[in-house]
Structure formats: C-alpha cells, structure tokens
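Visitor: Using the sequences and the accompanying hints, generate a full structural model.
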Amino acid sequence: IDYVWIEEDLGNGQYGPNIVSKPWAAHHKYFEQRNAYAFDKVVQLAEQYDIYLRPVIHEKNEKIFNRIDYDGNLTTEVSNNWFYGNGREMTKVRWLQQAWWRYLQARWGYSPNIHSWELLNEGDPWNDLHYALADEFGKYMHQFKPNDHLVSTSTWHSFPKDQFWANPEYPNVDFADYHRYLDENDPLFFDTAQASYETSLQFGANQPDGAGKPVIRGETGFVVSGSEPPTNQFQDDTAGVWLHNFIWGGINAGGLIESYWYENTHIYSKNKDGTYNFDHRDQYGAYYNFIRDIPLNNGYYQDAQPVVSNDDLRVWGQKDLGHGCAHLWIQNKNHLWKNVVDAVPIPAISGTVEISGFQPGVSYTIEWWDPYQADPT
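Residues in the sequence shown are numbered from 120 upward in steps of one, following the numbering used here.
Because the hints were derived from the structure by calculation, they are not lab data.
All values reported here derive from a predicted model rather than from experimental measurement.
Don't take each hint at face value.
Claimed, not checked - Here are the simulated distance ranges between beta carbons:
1. Q217 x A144: 18 to 26 Å
2. G480 x D302: 48 to 56 Å
3. R400 x V472: 54 to 62 Å
4. A155 x N383: 44 to 52 Å
5. Q321 x Y403: 23 to 31 Å
6. H234 x P490: 23 to 31 Å
7. E288 x G135: 49 to 57 Å
8. Q321 x R411: 20 to 28 Å
Each residue gets a CB set at the ideal place from its N, CA and C atoms; glycine is no exception.
Guide: Here it is as structure tokens:
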C-alpha cells in the first residue's frame with residue numbers, strides 16, 4: 120500500500136475530499152499543501168509584524184534520502200552521505216533536492232522577510248560532502264535575482280574555518296554559523312555579557328579565527344551540561360539581569376549575532392491559561408531602539424578601543440571617525456545576575472572614558488541612554 124484515501128461517502132457515487140493530508144508514501148515526490156499553506160500564513164504574518172525568518176529546509180537524517188545511493192537505487196545501507204551527495208555530481212537525491220529548492224523560491228522567495236535559507240540543522244562539521252552540498256545550494260538559490268536570499272548551514276560542533284567557512288572552494292555560502300552552549304561550570308556562566316564578547320572576538324568576521332564573513336551563533340543557551348537541560352538558576356533572576364547583559368554585550372566590535380535556544384524557558388515563561396510567570400522580551404526593544412539607526416554597515420565603523428580609568432567599568436562599542444560618530448555601552452562589571460540574586464552589595468562607581476581619533480576643537484553632541492528604557496534620557 121503506497122496511497123491512502125479516507126473520504127466521506129456523499130451518496131450517489133459522490134465522495135468528499137481526501138482527509139489524509141499526506142496520502143502518498145513517496146513523500147519525496149510531492150509537496151504537501153496543507154503545511155505549505157500554513158507557511159504561507161507564517162510569511163504573511165512576518166511581513167505584517169516586521170519579522171525576518173530563517174527557515175531550515177532539510178533534515179539530514181531524512182529516511183528516504185538516506186537510503187537512495189549515488190546510482191539512484193534503494194539500499195539497505197543507511198548513510199547521511201547519500202543525503203549529502205557525491206560532491207558536485209547530479210545524483211537522484213540532488214535532483215530531488217533541487218526540485219524542492221525551486222519550489223521554495225517559487226512559493227516564498229518573493230518575500231523580503233525571508234532573511235535566509237538554512238540548508239540543514241547541525242550537519243557534519245568535518246564532512247566535505249556537506250560542504251559541497253551547502254555550496255551547491257547557495258549557487259542554485261543565488262541565480263534567482265533580484266529575489267535571491269542569503270544561504271548558510273550549521274554544524275553540530277566546532278567551527279571548521281579553513282576547511283569550510285573561509286575556504287574559497289565554497290564561495291556561495293554567505294555567512295558562518297557556530298553552535299555552542301555554556302554550562303554551569305563554565306567560568307563565564309555568571310558573566311553573560313563576557314560570554315557573548317569572547318565568542319564574538321574569537322569568531323567575528325575580521326577576528327583571528329573568523330571566516331572573513333558575517334557569523335551567527337545559531338544556537339546558544341545556558342545549561343546544566345552539554346546542550347541540555349537548560350539551567351534553572353535563572354528562575355531566581357526575576358529582573359532578567361542575565362538577559363540584559365547578554366543582549367547589550369552584543370554591542371562589542373566582533374560582530375557576532377546571537378540566537379538564543381531556550382527562549383520559552385529563560386526569556387519568558389507562559390502558563391497554560393495564557394498568563395506569564397515572567398516575560399523579559401521587552402529588553403530586546405530597548406537595545407533595538409538604541410542600535411537601529413546606527414549605520415554599522417557603512418564600512419567606517421571600527422572598535423572604539425576606549426581607555427577607561429576604572430577597571431570595574433566595562434565599556435564596549437564602535438566609532439566612525441569619518442563621520443564623527445561613536446556609541447558605547449558603559450556598565451558596572453559587578454552588576455552580574457548572580458550578584459543581584461544573592462543580594463551582593465554592588466557599590467556605584469565612576470570614572471572617565473576616552474576615545475581617540477576625533478578632531479580637536481570640534482563640538483560633538485553626547486546623547487545618554489538608560490539601557491532599561493526605550494528612549495534616550
């Protein structure tokens with residue numbers, strides 16, 4: 120049996136629609152319309168609310184594609200390599216994948232709210248067949264100008280910079296992706312701003328271990344160990360200090376974009392009746408309002424490299440000397456979520472901050488913001 124109908128008998132030889140949404144067992148040979156229609160609505164809502172989507176479009180462990188060999192035959196040898204393909208060769212699986220890519224672009228590629236396509240979630244970090252598939256995917260999708268979108272993939276650990284992300288043999292992958300969680304024994308577990316900073320300053324595009332292209336940490340979170348379960352220590356941080364520091368820590372000059380995994384455990388928590396135990400999402404709004412009009416992509420911004428008189432002051436940001444602009448986040452390093460939870464006294468501190476490179480004798484306007492508020496003070 121490879122096709123199933125369940126239809127209402129309307130009488131007189133008439134039948135209603137098939138209520139089985141996936142009636143054909145050969146799922147790789149058709150596009151299921153119910154879920155496609157549902158995603159139509161998701162894209163429309165994204166456009167309405169100014170949200171940008173990064174859909175993951177393949178599953179590396181897909182049962183059918185892991186059982187069709189390079190000659191197009193079904194095999195009992197189950198392998199991700201059948202899915203990844205034989206390098207640049209047009210195998211049966213690659214042809215079917217391209218049919219899906221074409222459908223993606225035709226149905227949803229019109230929308231500017233598709234930020235990018237993610238080939239798959241957490242592929243093999245050291246498999247050059249994965250690299251080739253990602254590059255072929257990028258090459259295929261970039262032909263659909265002017266409505267083409269960014270393309271990337273992800274790996275389950277490590278950052279294969281020289282082998283893949285920065286390798287000129289794979290020029291069609293637009294940005295790098297790094298997955299890493301921090302467990303309760305990590306020395307940066309309590310300093311969430313520094314946790315973002317150090318990864319950014321290591322793997323940012325122009326950093327020593329960077330790939331020369333934008334980078335996102337597509338999965339991260341604070342956990343008990345490994346990548347799960349999520350820590351429960353944040354439950355006592357009712358003000359969300361951990362998140363405040365994590366968000367504003369992203370102002371560093373490395374350029375890493377964070378994507379948090381345990382959002383409905385740590386960022387907000389909702390009860391079955393629709394009420395919230397807590398909701399810290401407004402903290403993103405305060406940072407967004409601060410950063411949104413700063414033209415960081417104009418090519419002139421660099422690390423502000425501030426000189427700070429007090430070692431307990433954390434000052435990060437960038438400067439654009441060509442246009443006489445700079446922005447900084449100034450924070451008391453002792454204002455950590457753990458200190459707040461444990462009621463550790465955090466004395467107020469002061470100091471001076473110097474930024475070099477600006478023209479002497481010129482007047483500059485200083486705008487002060489309270490990072491907990493939506494507008495400048």
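Visitor: A separate judgement is required for each hint: does it hold in the structure or not?
Guide: Cross-check of the supplied hints:
Range check, Q217 to A144: about 22 Å between beta-carbon atoms, so the 18 to 26 Å window is met. With their beta carbons about 52 Å apart, G480 and D302 fall inside the hinted range of 48 to 56 Å. Taking 54 to 62 Å as the suggested C-beta distance range, the pair R400 and V472 does not conform, at roughly 30 Å. The hint said 44 to 52 Å for the Cβ distance between A155 and N383, and at roughly 26 Å that hint is violated.
A hinted range of 23 to 31 Å for the beta carbons of Q321 and Y403 is consistent with their spacing of about 24 Å. Checked against the hint of 23 to 31 Å, the C-beta distance between H234 and P490 comes to roughly 26 Å, which is consistent with it. Judged by the Cβ atoms, the range 49 to 57 Å given for E288 and G135 holds: they are separated by roughly 54 Å. A C-beta distance of roughly 26 Å is found between Q321 and R411, which places it inside the suggested range of 20 to 28 Å.
The structure fails hints 3 and 4 (numbered hints given earlier, in ascending order).
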